[in-house]
Every structure is written in C-alpha cells, then in structure tokens.
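Q: All chains should be built: construct the whole structure from the sequences, respecting the hints.
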Amino acid sequence: MIWSIAKKEILENIFSYRFSILTVLLALLMAVAVIVGYGDFLLRLENYEVLRPMPNSPNIIIEPTPMSMFAKGLEANLTRLYEVSILGIEIRQNQQSVNRIFSLFAVPDILFIIKVVLALIAVLFSFDAITHEKEQGTLKLTLSNGIRRSSLVVGKFAGRFVLVFVPFTVLFLLALLTMSLLPSVAVTSSFWWKNLVILLASCVYTLLFTGVGLFVSSIIHRSSTSMVVSLSIWLLFVFIIPNFSTVIAKRLTPVPTSDRIEMETRLNTIQAIYNRIQREKEEPRGMEGVRMIRQLRESTTRITELYRPKMNALMRTTKSLVRISPSGALNVLLTDIANTGLYEEVRAKDAVTQYVERNFNRINELEPGPIELFRYTRASLGEVFSATGYVDVVVILFFATLFIAAAYVRFLIYDPR
Amino acid sequence: MLWVLVRKELLDNLLNLRFITLCVVAIVLIVSSIVVLTGQYHEELIDYYNRVNTQDAFIDQYGHTNRIGWMSRLFREPSRYQPLVVGIDRDAAQENFLSNPIPVFLSKLDFVAIVSVLMSLVAVLLAHSAITGEREDGILKLMLSSSLPRTTIVLGKFIGGVITLIVPFTLGVLLGLSYIAVAAGVELRSLDYGVFAILLLISYLYMTAFYALGLFFSARSRTSNVAVLKSLFAWVVLVLVLPNISPFLAAQIYRIPSVAKIQRETNKIESDDRDEIIGKRLQQIVQMTFPDFATIRSMTKSDLQKKLDSDPVFRDRYAQFQRAFEELVRDVNTEQRRIADAIRESFENQSHHQELLATVLASLSPLSNFVFAATDAADVGLQSDAEWAAQSGEYDRVLSEYVNQRYAETRQRNPAFDFNDYLDLRGRPRFQFQPPPLAMRLERILVPAGVLAMFNLLFFAGAFLSFLRYDVR
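Protein chains in written order, with the numbering used here: chain S, 1 to 417; chain U, 1001 to 1473.
What the hints contain is simulated information worked out from the structure, not anything from laboratory work.
Everything numeric in this text was worked out from a predicted model, so none of it was measured.
Glycine included, every Cβ here is placed at the ideal spot set by N, Cα and C.
Treat the hints with caution; some may be incorrect.
Taking lysine to aspartate or glutamate and the EDC-like style, the derived pairs with C-alpha atoms no more than 16 Å apart in a straight line are [said to hold, decoys possible]:
no., chain 1, residue 1, chain 2, residue 2
1, U, Lys1261, S, Glu357
2, U, Lys1261, S, Glu90
3, U, Lys1301, U, Asp1418
4, S, Lys134, S, Asp415
5, U, Lys1306, S, Glu282
6, U, Lys1261, S, Glu46
7, U, Lys1268, U, Glu1335
8, U, Lys1301, S, Glu280
9, S, Lys310, S, Asp350
10, U, Lys1268, S, Glu90
11, S, Lys8, S, Glu90
12, S, Lys281, U, Glu1335
13, S, Lys281, U, Asp1418
14, S, Lys349, U, Asp1303
15, U, Lys1301, S, Glu46
16, S, Lys349, S, Glu305
17, U, Lys1307, S, Glu49
18, U, Lys1301, S, Glu282
19, S, Lys281, U, Glu1095
Covered stretches of chain U (in silico footprint by chain S; criterion: 3 or more residues with CB under 8 Å from a CB of chain S, positions within the stretch not fixed) [what the hints assert, rightly or not]:
no., segment
20, 1013-1021
21, 1051-1062
22, 1105-1119
23, 1214-1226
24, 1242-1253
25, 1261-1274
26, 1353-1363
A: Given below as structure tokens:
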C-alpha cells in the first residue's frame, strides 16, 4: 500500500510545474558550482606550482585539494604561502584578498547548494503534502477507503523525498563524474569515499527537510500558511542560527583581534632589533645577533602559546553553537570531510608550528644542517569521523528523526475535515 | 479610490497571521542582532584604545628614526555603525598566523544580512498572492466589474503592500537604534542620524524592489502556487546565486598574477637587494674618499665618542662621512622603493580592474547594490579604503617630516647620534581620522542606490504592464 501511495505522489508531481522549475534550478546551480569551483581550484593549483618550495627552502605551502570544489571552506587560507624567518611564521596574502568582493558574499560551492537550495527544494516539495489534499477534499476520501494513516503518511513522505533526492543524486553523480574526468584533478580512492559520504549526508539532510515540511503540513490546515511556517524554519536553520552563533560565540569566548596580534609581534620585533643595535655599539663583535634571534623566537612562542588556545576555544564554542541547527552541523561536517574545515585548519597549523620548531635553528643558521622539506597529508576520512565528524552526524540524524517522528505521530491524530 | 484600496490591502495583510509571524521574527532578529553586535563594538573599541596607547607608549620609549614607519602603524577605529553594518570584515583577511578563521567560515548576521535575505523573502512571500490570490477568490472580477481602473488596482496593491512591509520593519529598526542611543550609551552625532536615515531609505528601496518582483510574477501567473515558485526561483537567483558567483567569474575572466609572488619580489627588491647595493656602494665610498674609516666599524661607541671629542679635524671628517653615508642610504632606499612601487602599482591596477568587473557583475542583483550602498554609507565598504589611505598617508608624511626635523636638530648637537639612537618624539603630532562627511557618503552610494531605484522601476513596470492584460476570470 505504501508503495502505491508513493507512486501516486511521484506521478502526480513529476509532470508538475513545480518539479520542472525546481529541477531546472538545481541543475543550473550544479553547473555553475562545477564551473566556478573548477576554475577556482585551477587558480589555486597554478599559484601552488609557482610558489612550491625548492629543496632546502624554509617555505611552507599546502597542496590544494580538489575536494574544495565540493566544499571550499577555509581552503583559500590553508593553501597560502607561509614563510619562516627570524620573525617567526609570516603569511603571504591570500590570492582572493586582493578582490574584496570575495569577502562580501558567500561561496557558491556544492556545499552551499546542498545546505541552502536542496533544503529549500525539500521544503517546497513537502509543505503541502497533507494540506493540499485536505483543501481538495481528497484526504477525507482516501481515509474513508480504509487506508491506514501510517501507510498514507509514510507513502507521502517517501514519494516527496524521492522527487527531491533522485534528481539531486543524478546531478551530483554527473558533477562528480565531470570533475573526476577533468584534467589536473588527481582522483584517488579517498576522493570517491569522501563523495559517497557527502551523498549519504545529503540524503539524511533531504530526509530531514522533507520531514520539516511534512510536520508543518500536519499541524497547519492551510497550504499558504504551511508554506510560510516551513520557510521560516528553513530560514532559522540555514541562515539565522549558524550566522548568529558566530556573533554569540565571539561574545562568549573573546579572542584578540588580528590587529592586536600584529601589533604585539611587531613591537616585540622592533624592540629586539633596537636592543641588539644598542648593545652592538658597545661591543661590536658579540653574540648579539644570536641573542636577538633567540629573544624574537621567545616572544613569538609566548604570543602563540597565549593566543592559540583562545582561538581554539572560540572554534569549539562556535562549533557547538552552530550545531544547534542541522544546517550548521552539515556545514561543519562537509567542510571537515572535504579537508577544508576548522578541524583541518587546526591540524595544518599544528603541523606548521611543529615543523618550524624542529627546523628553526637550521633555517636561521644557528646550527648547521639541511632544512627538512615540509610535507603535509590531509586528514583521512576515518580520522575526521573519530575526531569531530560523529557529533555532526548524530546532530543531523537527531533532527531528521525528530521531525519525521513528529510528522508521523501528528498525522495519526490529524483532523482531515 | 486609490486610498480605499490601499487601506484594504493594509488591513488584509496586517490581520493576516503569517504576515504577523514573519514581522515579529524580523523585528526580534533585528533588535537582538543590534544588541549583541553593540556589545562586540564596545569590546573592540576598548581594545582599539588600548592598542593605540600601547603603541604610543612604545614610541615614547623606543622611538628612533630608522624604524619610525614600522612602529607607528595606524589603527582603524571600529566603525560606529558596526552594530548595524559589519561590512568587509578585516579579520577575514587572515593576515596573521594566529588569525581567527571563523569569519571566513560563516558570515555574521547583521542588519544588512537580515534585510538582504530575510526581508527580501518576506517581501516576495507577501506579494506573490497579491493578484493571483484575489483572482482565485473571485474578488478581482468583482472589483473590475465595479468599473475600477486597473491602474488604480495595481497601484493600490503596490502602495498598500509596501506600507505593510515598511511600517513594522521601521518600528523594529527604531527600537534597535534607540537601544544603541539610550541603553548602550553610544553618543550619537548629527552624522550618525544621517547615516541611519540613508540605511533606512536604501532598505526601503531594496524591499520594494522585491515586492514589485513578487507582484510581477503574481501578474504573470494564473495561480498562487505557480506565482510563488516563480518568485522563489527569481529570489534564489538574485539573492543566493548572482552576488556569490560574481567574484569567481571575475577572477576567471580577468586573471591577475600571484599576489604572493609579487610580495616576494618587492620584498627582495626593498630589503635583500637594497642591503646588497648599499654594502657595495659604501665600500666604494670608503675606498675612494675615506680609506681610514675602515677601522671605525670595529670601534666601540665610547671609543668613538672619545676620539670625536679630542680631535676636531676627525670630527669634521666624520660628520662628512656620516652625511655621505646617509645620502647613499636615502638614495638607494628611494630608488628601490621606486622600482617596487612600480611593480605594486601595476599589480594594484590589475586587481582593481578585477574588483571592478566583479562589482559590475554583482550589480545585476539588487542584493549586491544594497550591500554596496549600506557598507559605503557606513564607511566599511569598498570605497572606504581610499579615504583611509589618503588621511593615513598624509599623517605618515607629516610624522616623517617631524621626525626628520627632530633628527637634524639632535644631530646638530651631537654628531655621533645616528638613526638607530633613541629620539625623543613625545611632542609628535597625533593621528585622528576624520570620518567622511554625509555629502561624500551620499555621493558614494549614488550609483548603487540609483541601480536599486532602476530595479524598482523595472519590476514595477513589468507588474503594471502584465496586470493591464491580466485575464481575471
């Protein structure tokens, strides 16, 4: 019985205006995301080839990952050039910081499509699942035919879900295939696994927002009201909670501004240089140069030890607050899977710090010996999951179960008149 | 007659539960974001003063001629309008190894974000059934049969809808602003009222554009269901797609060289190459003009002082040598800076062109024009950097003039004094940024606000013409 209801839902909608317009929208956006994402990735790759350090060079640069086409996250920052000198680690400007429009608007990657547009489409497909039939009067007729309410609601849910998710899967696989065939994208087995997990996560996410629409549809009796309420929940999850939580997290765990860090580092440096020159005037052939480097190193280490824990605390708070919304959790999860997220940022910076610690003396010629070449491999899928990913999965699953169960229970006591 | 229709629209909307819900949500959001961001503004302001004082104290204690530009970096005061318009987040530039990555990860929810995403959606949702809904209910037929001109109906719908949208929104904003003025204790000046008025006006323009867009699709559809889909499609494209892809498209169309490579090149020219050239030329000077000075480098400062005091001929020759050396350093510095500046300038030109292209592409969406206008009115947008650069550059010039003069005076008294020695700079001029006046801000937003007005005209004309031949049956 469930399947015949699901079939009816699909057949009823597949030739509708709604299905065609929303699928066209999705296809359009996917195409844009692939083109834009690939072009962006190529620019980063080009930059990487130009700046790639030669052996025995203290420069550090992380290779761009093709997964950034799916979720760009912090990739533009991760793949910058880090230069090590007596002043510590200096970062060269990010290629995109010269065009300030980048920092005004969001990134149109596949994560954005899933998080915002796929959720919107799922809501738009399910908000009238029950109210529409009620307004038409067919709900009464269907129920008088001896169909169990549970089969009806499950059938409707399955039908609407398929209408959203099947076109998405087709488009996603097409995008994936296109990307894997493009030159300069190195396809490894982990590329496929990561994308499989992204597809699975979007499946649960679609279920969740179909559940939201169905739930609202089962508590409200008019389609037009149901639409507004579902869209409000969508807005709340997708925009309001994640973006508001960054502001609140910053209030809860204050961190120094980048201007402050810059000033403290700069003044320490000037003071060390000044002291060295003054002392050398009294005693020209001393060890003042070495002493200055040590002093600088000490002060940068002090600043790092003071501020990095604060930054990490802010990241933790933001993550927890963002996870109040399933869209926020999806954002964290997908960027982490794509190795462009907050987890990777901390991991890469740890690797850079450790590398500098091991090689600082050799880079600044305080001790002889070759400088080791910086190598970095991004986190594997298993590592991401055991470190932070499981929390996001639990959050998304929790919300999905919550809304689907609520819709189910609510429909059992729904008044079809 | 028009006013009767407007009143009917108003009452229809205001008594409608979904509209009331959305308005309450919008007002609560606007007020709470203002409250939270005001707290953050206060914190940043304290940090700003703290930084300025620390740096001033440092210059008082360690000031010397050689690194004066490096030690007196000017800080930008946190924008007074930050509770409303965060603008281009400077933390997002991630200039430091320790920078906070969150702003890159997720954007902030300020007044601009709420208006651009939430209020435009509210406007579209309010307008989509304005015409189709009445047709479905059969009211439209009745209205037209009572010989009401179509022009009056569509105008009444537009005006009524816009008023319903604007009044609760304005109330929410005024509530938030009064929090800033009264509870948060930010002292408001006349300029601030002007900026707030501009922000309100461009928000109106932006919301009415989306209301007209919804009306347009309503007039082009038979049923509300179809109208809402069309409107949402357009909304997604205009709000979520066009602005976001514009910088990426611009970066593809107009390529610029690697910024890290340029930085590396100019750094080399200004430090490594410079030191090398100075070293070589100094050797030449020493060999040709002052062969006996090769030994000075190994003397301690006190020995040198003793010799200077005891031997007036040496003293003169030493002063001459110092002058020659300083001239050399100045010349080489100027020359190397000229070369590096040329490279930087050509790069800046290129990146400016890319940015301009991105701006033009983004301007195809009302959202971008609204964001450009709001950020520029609050002086945290694309055009704010130029004014800052002009004023801070002028201050840097004044300061370096002052330092040079002080240096010359001190040198006169003590020839052994050099540019690495402590120089008392406590009497230096201090920097105070003069925020751009209202007239300048108005001039800046002329283009984006004009484009917003054009969108209004375009969408409304579309709605108007479509309604004139709308089949009301």
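Q: Provide an ascending list of the numbers of those earlier hints which the structure does not satisfy.
A: 1, 11, 12, 14, 15, 17 and 19
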